[in-house]
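Take these sequences, add in the hints, and give me the full structure.
Just so you know, the protein sequences line up as chains A and B, in that order.
Mapping of the first sequence onto numbering that gives the first Met the number 0: residues 0 to 374, in sequence order.
Mapping of the second sequence onto numbering that gives the first Met the number 0: residues 0 to 135, in sequence order.
What the hints contain is simulated information worked out from the structure, not anything from laboratory work.
A few of these clues could be false.
A few chain B residues that don't get close to chain A, going by computed Cβ distances all over 10 Å [unchecked claim]: (1) Gly-52; (2) Glu-68; (3) Glu-77; (4) Arg-82; (5) Thr-89; (6) Ser-93; (7) Glu-100; (8) Pro-101; (9) Gly-102; (10) Arg-103; (11) Thr-104; (12) Gly-115; (13) Ser-126; (14) Val-128; (15) Val-129.
Which residues of chain A face chain B? A partial, calculated answer using Cβ under 7 Å [claimed, not checked]: (16) Asp-52; (17) Ser-109; (18) Leu-112; (19) Arg-114; (20) Arg-159; (21) Glu-166; (22) Gly-195; (23) Val-196; (24) Glu-199.
Restraint ranges, calculated between C-beta atoms of paired labels, are given here [stated by the list, open to error]: (25) B/Pro-83 <-> A/Val-258: 37 to 43 Å; (26) B/Pro-101 <-> A/Ala-120: 53 to 59 Å; (27) B/Asp-54 <-> A/Arg-130: 29 to 35 Å; (28) B/Gly-85 <-> A/Val-347: 26 to 32 Å; (29) A/Gly-97 <-> B/Asp-54: 43 to 49 Å; (30) B/Pro-83 <-> A/Thr-346: 51 to 57 Å; (31) A/Gly-218 <-> B/Pro-83: 37 to 43 Å; (32) A/Val-177 <-> B/Gly-85: 42 to 48 Å; (33) B/Gly-85 <-> A/Arg-271: 55 to 61 Å; (34) B/His-66 <-> A/Val-206: 33 to 39 Å.
Positions of the beta carbon are idealized from the N, C-alpha and C atoms, including for glycine.
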Amino acid sequence: MSLPLARLSWLALLTLVPAIAADDDRPEKAVGVVTGVPGAIAFDEDPHQRIADAYPDAVVEHVFTATNRGPRPVTIEQALAVRGTADIVVDPTVVAPGAQLRIRVRQLLSTALGRTAFRYALITDEPGVPRYRFSLSGFVQSAYDPERPALDFGFVDRGRGGRASAEVSSREVDRLEVVSSTVSNPTVRVECRRSGVAGEGLILDAVIGPGAALGTQSGTVTLKTNVAHHSTLEVPYSAQVFGDLVPSEHPISLGLVRVSEHVSRDITLTSRSGRTFSIEAVEDLGGHLTTDAAPCAGQAPSSCWVVRLAAAFNAPTMVSGSIRVTTDLDDELVPLTYSGIVVDRDTVIRQADVDAHGTSPEAGPGDASPTGWPP
Amino acid sequence: MTAAHCARIAGLALALILVAATGSRGKDTQGVPDAAAADPEGPRVVLRWTATGEDDIYGYLVYRADHREGPFRRMNREIVHARPQGPDATSDYSFVDLEVEPGRTYFYYLDTVSLGGHKRRLSGVISKVVAGETGR
Chain A
0 MSLPLARLSW LALLTLVPAI AADDDRPEKA VGVVTGVPGA IAFDEDPHQR IADAYPDAVV
60 EHVFTATNRG PRPVTIEQAL AVRGTADIVV DPTVVAPGAQ LRIRVRQLLS TALGRTAFRY
120 ALITDEPGVP RYRFSLSGFV QSAYDPERPA LDFGFVDRGR GGRASAEVSS REVDRLEVVS
180 STVSNPTVRV ECRRSGVAGE GLILDAVIGP GAALGTQSGT VTLKTNVAHH STLEVPYSAQ
240 VFGDLVPSEH PISLGLVRVS EHVSRDITLT SRSGRTFSIE AVEDLGGHLT TDAAPCAGQA
300 PSSCWVVRLA AAFNAPTMVS GSIRVTTDLD DELVPLTYSG IVVDRDTVIR QADVDAHGTS
360 PEAGPGDASP TGWPP
Chain B
0 MTAAHCARIA GLALALILVA ATGSRGKDTQ GVPDAAAADP EGPRVVLRWT ATGEDDIYGY
60 LVYRADHREG PFRRMNREIV HARPQGPDAT SDYSFVDLEV EPGRTYFYYL DTVSLGGHKR
120 RLSGVISKVV AGETGR
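Below you can see the structure in the form of structure tokens.
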């Protein structure tokens with residue numbers, strides 16, 4: 000386009016836009032104002048579509064079509080995912096009266112199983128017209144049994160390491176094969192052996208080696224398998240690594256706490272070898288709790304100490320943090336982690352999972368002796 | 000020839016019937032592969048089940064094995080979707096297995112898939128001999 004012609008086009012545009020605005024009696028857009036002003040864009044099909052049943056991490060694609068039923072061109076200013084991310088392409092971006100608009104959505108499904116829904120919005124230059132809303136909904140299934148295998152090492156003796164196993168199979172292939180595996184922690188390794196009546200399944204044997212860092216060690220073992228439509232299986236693992244001193248409960252669940260309610264937990268720290276020790280300091284690195292420690296038998300040193308954690312919260316929040324217990328034993332820093340949910344005084348709780356280890360919110364302080372130690 | 004199995008799991012009641020049919024078409028074709036219509040005379044095993052209390056059920060999976068103890072393979076590529084009609088109402092379902100050979104015995108069972116995506120065993124193993132002479 001030559002320069003004079005370009006100038007002419009700009010002039011034409013500048014004179015045209017005020018003319019349209021003056022002719023349009025719809026109110027100007029205002030942030031946060033929801034109006035009932037109808038828009039000119041009409042979806043040709045139900046804007047809330049179902050996608051076929053799918054597997055985790057699949058990419059589903061759907062093309063919505065819509066038509067500009069108004070007398071003026073409509074410019075698509077933005078097409079966006081209301082929550083999360085999606086690849087959304089609109090064509091054309093300026094829809095002439097009577098013309099069709101194509102909205103191509105490519106949506107990556109999450110690893111969450113069950114019903115799923117994705118909402119999108121289309122924002123146009125139409126004065127006063129709210130966002131056009133459209134969505135995809137579907138169902139995500141697992142090709143594996145169990146759907147989400149997990150490796151739970153339980154309490155692990157740092158000096159000896161630990162083992163955990165999980166069985167997994169897929170009834171969508173004759174024989175489940177692991178093509179490759181990666182582990183997010185170099186001290187954890189995984190091997191597979193056959194299971195099932197015809198060797199169709201696998202037992203994952205995981206080993207966490209001696210010398211792992213103290214405290215909660217968690218991560219994911221990612222398996223690539225021969226299940227074509229669900230080839231990535233993420234297997235979470237968790238280990239509570241301790242040395243000679245072991246807590247009665249770990250991770251520590253504060254449970255559901257109401258605002259202003261006083262909550263306390265007594266955690267017993269025991270020397271498995273029977274050595275006597277003294278606690279020199281208890282520090283809450285999360286800054287939520289007051290801490291105290293006393294020998295079980297009332298006299299230090301002792302082979303058993305009670306660490307008391309207490310708190311009262313003044314606002315609803317998710318609480319988590321870690322506690323460092325320093326003792327007079329060589330190399331015996333004991334790291335503990337805690338979590339809880341603080342809710343309003345009048346909040347009605349119908350169901351809640353406070354931690355990932357099956358401790359119910361109502362559960363009280365743990366037993367004095369740890370369970371799950373390897374023989 | 001039929002075999003039946005009844006079960007009740009967490010409020011979901013099931014009555015499962017297996018029908019081995021040769022040369023007859025099932026009336027309910029939910030979950031039936033397209034080949035059913037193209038080969039109406041072929042051997043088939045029809046699984047029919049009736050369910051109530053399906054509030055938390057998204058659908059059903061059908062598994063088959065050559066031996067009672069397995070290994071079992073999923074037979075329905077698409078989930079047989081539940082059609083809950085209400086707390087006390089019943090819904091009828093069927094699945095037609097066309098990949099069968101005359102004279103052979105097959106073993107089946109059903110899983111439910113919950114709205115949360117979790118599978119749960121619904122039925123016991125039920126067997127069916129397909130009528131006719133074995134081809135091998």
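Against the structure, the hints:
1. Gly-52: Non-interface label stands for B/Gly-52: nearest chain A Cβ at 19 Å, farther than 10 Å.
2. Glu-68: violated, 5 Å
3. Glu-77: Its Cβ does come within 10 Å of chain A, the nearest being 7 Å, so this is violated.
4. Arg-82: Non-interface label on B/Arg-82 holds, nearest chain A Cβ at 15 Å vs cutoff 10 Å.
5. Thr-89: holds, 23 Å
6. Ser-93: holds, 19 Å
7. Glu-100: holds, 18 Å
8. Pro-101: Consistent with the label, B/Pro-101 stays out of reach of chain A, its closest Cβ about 23 Å off (over 10 Å).
9. Gly-102: holds, 22 Å
10. Arg-103: holds, 17 Å
11. Thr-104: holds, 16 Å
12. Gly-115: Answer for B/Gly-115: violated, closest chain A Cβ roughly 4 Å.
13. Ser-126: holds, 16 Å
14. Val-128: Non-interface label stands for B/Val-128: nearest chain A Cβ at 21 Å, farther than 10 Å.
15. Val-129: At about 21 Å from chain A, B/Val-129 clears the 10 Å cut-off, so the statement holds.
16. Asp-52: Hint holds; A/Asp-52 Cβ to chain B Cβ min 5 Å, cut 7 Å.
17. Ser-109: Violated, because the Cβ-Cβ distance from A/Ser-109 to chain B comes to roughly 11 Å (cut-off 7 Å).
18. Leu-112: Status holds, d = 3 Å.
19. Arg-114: Nearest chain B Cβ about 6 Å off; hint holds.
20. Arg-159: violated, 35 Å
21. Glu-166: Hint on A/Glu-166: violated, closest Cβ of chain B at ~13 Å, above 7 Å.
22. Gly-195: Because about 6 Å separates A/Gly-195 from the closest Cβ in chain B, which is inside the 7 Å limit, the hint holds.
23. Val-196: OK, holds: A/Val-196 within 7 Å of chain B, min 5 Å.
24. Glu-199: holds, 4 Å
25. B/Pro-83 <-> A/Val-258: 37 to 43 Å: holds, 40 Å
26. B/Pro-101 <-> A/Ala-120: 53 to 59 Å: Holds, since B/Pro-101 and A/Ala-120 (Cβ atoms, about 57 Å apart) stay within the stated range.
27. B/Asp-54 <-> A/Arg-130: 29 to 35 Å: holds, 33 Å
28. B/Gly-85 <-> A/Val-347: 26 to 32 Å: holds, 27 Å
29. A/Gly-97 <-> B/Asp-54: 43 to 49 Å: holds, 46 Å
30. B/Pro-83 <-> A/Thr-346: 51 to 57 Å: violated, 31 Å
31. A/Gly-218 <-> B/Pro-83: 37 to 43 Å: holds, 40 Å
32. A/Val-177 <-> B/Gly-85: 42 to 48 Å: holds, 45 Å
33. B/Gly-85 <-> A/Arg-271: 55 to 61 Å: holds, 57 Å
34. B/His-66 <-> A/Val-206: 33 to 39 Å: The hinted range 33 to 39 Å holds for B/His-66 and A/Val-206, with Cβ atoms some 34 Å apart.
Hint check: violations occur at hints 2, 3, 12, 17, 20, 21 and 30; the rest are consistent with the structure.
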